[in-house]
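*Asks:* If you're matching them up, the sequences are chains D and P in order.
Residue numbers are given in the numbering used here: position 6 of the first sequence equals residue 6, and the series is strictly consecutive.
Residue numbers are given in the numbering used here: position 73 of the second sequence equals residue 73, and the series is strictly consecutive.
Some hints could be false.
Far from chain P, by Cβ distances over 12 Å, these chain D residues were calculated [what the hints assert, rightly or not]: (1) Ser-7; (2) Pro-14; (3) Glu-16; (4) Thr-17; (5) Ser-32; (6) Arg-68; (7) Asn-78; (8) Val-87.
A partial selection of chain P residues facing chain D, derived with a Cβ cut-off under 7 Å [as the list claims (entries may be wrong)]: (9) Gln-1; (10) Asn-33; (11) Leu-34; (12) Ser-36; (13) Ala-45; (14) Pro-46; (15) Leu-48; (16) Phe-64; (17) His-89; (18) Tyr-93; (19) Ser-97; (20) Leu-99; (21) Phe-101; (22) Gly-103; (23) Gly-104.
These are computed hints drawn from the structure, not numbers from a lab.
Heads up, the beta-carbon is just placed ideally off N, CA and C, and yes, glycines get one too.
For reference, the chains in residue letters:
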Amino acid sequence: QLQLQESGPGLVKPSETLSLTCTVSGGSISGSTYYWGWIRQPPGKGLEWIGSIYYSGSTYYTPSLKSRVTISVDTSKNQFSLRLSSVTATDTAVYYCARLPYSSGWVDSWGLGTLVTVSS
Amino acid sequence: QSALTQPASVSGSPGQSITISCTGTSSDVGSYNLVSWYQQHPGKAPKLIIYEGSRRPSGVSNRFSGSKSGNSASLTISGLQAEDEADYHCCSYAGSSTLVFGGGTKLTVL
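Use the sequences and the hints to build the structure in full.
*Replies:* In structure tokens form, the structure reads like this:
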């Protein structure tokens, strides 16, 4: 049974960098049949795809966040990570890590999500 | 890349059918048969209920169905049940390995 678990600080100060890690268990992150991604949901709002990474390290980001986002993968730890720089209050959201079948356009497995609040 | 457009809310009585629309553009919904739908109960992670426009993952009730026409997609839930009360989100592939979501629709079962 595949499980994804987000971890990282729940509170980040404005202008600092948000960093989250997703640990994958029950499956290998190195498989060629999946992307691994981050999706967020501001309180009371809809979902926003942030970006995805392939095990090889190829990355894809949503245009509106591209200048501030870095997604990386550590196959030795079966983890992938999100860094979002220069955060403001509008980056306050529940952040989900997720698995996306390769070349599919959908998410077939989600983490439980972690709330990150941007506040001084 | 703009968010897909969904109604903020829909409602229906038990046993009825409801349809939730999802409108995109010729760059996303209209170009690919890769619309997906997710059900999200309060405080929970979303769950995939429709992919590739109309296919259901194993274990998802056949009361859920999806369709697409032009730049719009729809999710229909038939035989509404109390447990269907949730938020529903559409998503489309938008090319170059990118995705775009809708704003979400709150379904109330009366």
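*Asks:* Evaluate each hint against the coordinates.
*Replies:* Verification of the hints:
1. Ser-7: Consistent with the label, D/Ser-7 stays out of reach of chain P, its closest Cβ about 15 Å off (over 12 Å).
2. Pro-14: holds (25 Å)
3. Glu-16: Holds: least Cβ distance 26 Å, greater than 12 Å.
4. Thr-17: Holds, since 23 Å exceeds 12 Å.
5. Ser-32: Per Cβ check, D/Ser-32 is outside 12 Å of chain P; nearest 14 Å; holds.
6. Arg-68: Label holds. Min Cβ-Cβ 16 Å, cutoff 12 Å.
7. Asn-78: holds (20 Å)
8. Val-87: D/Val-87 clear of chain P: closest Cβ-Cβ about 21 Å, beyond 12 Å.
9. Gln-1: Holds, because the Cβ-Cβ distance from P/Gln-1 to chain D comes to roughly 5 Å (cut-off 7 Å).
10. Asn-33: violated (9 Å)
11. Leu-34: Holds - the Cβ of P/Leu-34 comes within 7 Å of chain D, reaching about 3 Å at its closest.
12. Ser-36: Hint on P/Ser-36: holds, closest Cβ of chain D at ~4 Å, below 7 Å.
13. Ala-45: Holds, because the Cβ-Cβ distance from P/Ala-45 to chain D comes to roughly 4 Å (cut-off 7 Å).
14. Pro-46: holds (6 Å)
15. Leu-48: holds (6 Å)
16. Phe-64: violated (14 Å)
17. His-89: holds (5 Å)
18. Tyr-93: holds (3 Å)
19. Ser-97: holds (4 Å)
20. Leu-99: With Cβ-Cβ at 4 Å, under 7 Å, it holds.
21. Phe-101: holds (4 Å)
22. Gly-103: Holds, about 4 Å.
23. Gly-104: holds (4 Å)
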